[in-house]
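*Asks:* Given next are the chains, with one letter for each unit.
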Amino acid sequence: MKEENYYQQLKGIVQPYLPEDVSVDDISPDSHFINELNINSANLVDIVLDVEDTFEITLENDDMDQMQTVNDAMVIINKKRSSK
Amino acid sequence: MDFKKIIEKLPYSKPFLFVDDLSKIDRNGVNGSFCFSEDLEFYQGHFKELPVTPGVILTECCAQIGLVCLGIILLSEQKDTNFDNIAVAFSSSEMEFYLPVYPGETVFVSSEKLYFRFNKLKCKVKMYNASKELVCKGELAGMIKNSPNGR
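Protein sequences, first through last, are from chains F and C.
In terms of my numbering, the first sequence is residues 1 to 84.
In terms of my numbering, the second sequence is residues 1001 to 1151.
Next comes chain C alone, as it looks inside the complex (with noise of 0.2 Å):
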């Protein structure tokens, strides 16, 4: 599967899309990227005076690109696959942080499969910036399974 049909079947459109693009995929981890454009709207908020991206998308981020963008190439080699079905929940997170992002910035995340059986998902995931500066680095896993009825 090409990664322009990977990210065409994630379950996420805009506002809550936070991937762009994907560099490398196997079924053992997959590097992506997004860049956060600076009318993203958290960032009126977060923080009032000084637009930063929260550490929540951040983790987002990760976990798109790191367990859904993953997920999906796991299931494709599952038979019968539906990818009209797929249904996603993130189940746990353990992320640290370590530089801000601020609104314009382009981030790498690389993540890498710690195991994968019966759907659920854990990977190890790190974001860098465009400096190639660690931005945060952690553990995220989810169930991904493909759901007749979407659930």
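Looking at chain F on its own, in the form it has when it is part of the complex (with noise of 0.2 Å):
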């Protein structure tokens, strides 16, 4: 319950970010941020800010280098919301 409602927030982090082609249905679990929702890396760390915004968490460079789908996103969300 608690996960389903992180991936929607975490969905509602990325629609700002997508490009017109890419509408906020094509996001998926497996979603690749940069090489399927065609996001640039100097938004994916405006999707980073926001998600330590909204969850109340701090990344760090080896999360960023982790996070390439939105699910590693929904990993690191979870692993530092648990460990808070």
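Keep in mind the hints are simulated off the structure, nothing from the lab.
If the Cβ cut is set under 7 Å, some of the chain C residues that face chain F in the computed set are:
1) 1091
2) 1118
3) 1120
4) 1143
Anything over 12 Å on all C-beta distances counts as not near chain C; from chain F, calculated:
5) 5
6) 9
7) 11
8) 18
9) 21
10) 25
11) 26
12) 29
13) 31
14) 38
15) 54
16) 56
17) 71
18) 72
19) 75
20) 83
None of the values given here were measured: they were computed from a predicted structure.
All C-beta atoms, glycine included, are put in the ideal place defined by N, C-alpha and C.
Put the complex together from the two separate chains, hints included.
*Replies:* Here it is, written out as structure tokens:
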């Protein structure tokens, strides 16, 4: 339940950074931010900063390197939230 | 790092280097200047009968001083920085322009860091003319990093 909630919140964060040819319905847990959702590396940083604010967590460089797909982001969010 | 060294590390050269001097630099901001010499080639076409510095060039000048020079300082604080392999990419700009800059004018750019996270630097920039009038201001962002293969 909580996880589904996080997923919806994450989709909401990603949505404004999607290029025009990608819709929010294209987002799936397996979506690769850069290769599939066509998000550039600068906007991926914005997504990470928004994730930090929304979930009240702090990401490190290693987390950023690992955050390739939507699912990767979910794993990091769940891990950081549960250790709070 | 002294100012001259920073300018040497910039990945630009004539005719696309828009930094002459830096006057202040620390991890939160930088001030620098550039003189738009009358023989810069774009004045021949912008505009046909009335040479005025294009807004994109003013933006570029703000970005080279405000983002790239500051980014070099911020990168130099990270370990293993090799300045022969700096990769930069301009990612966003939101500028407003107030006054024209004519050939021969010197402009002064001040930049204030908003954040530098995960190699993305976002800054507030302002450009003034020699009469201390605001020429343009805005927010610029770009990616800057050490890249082993230069990409």
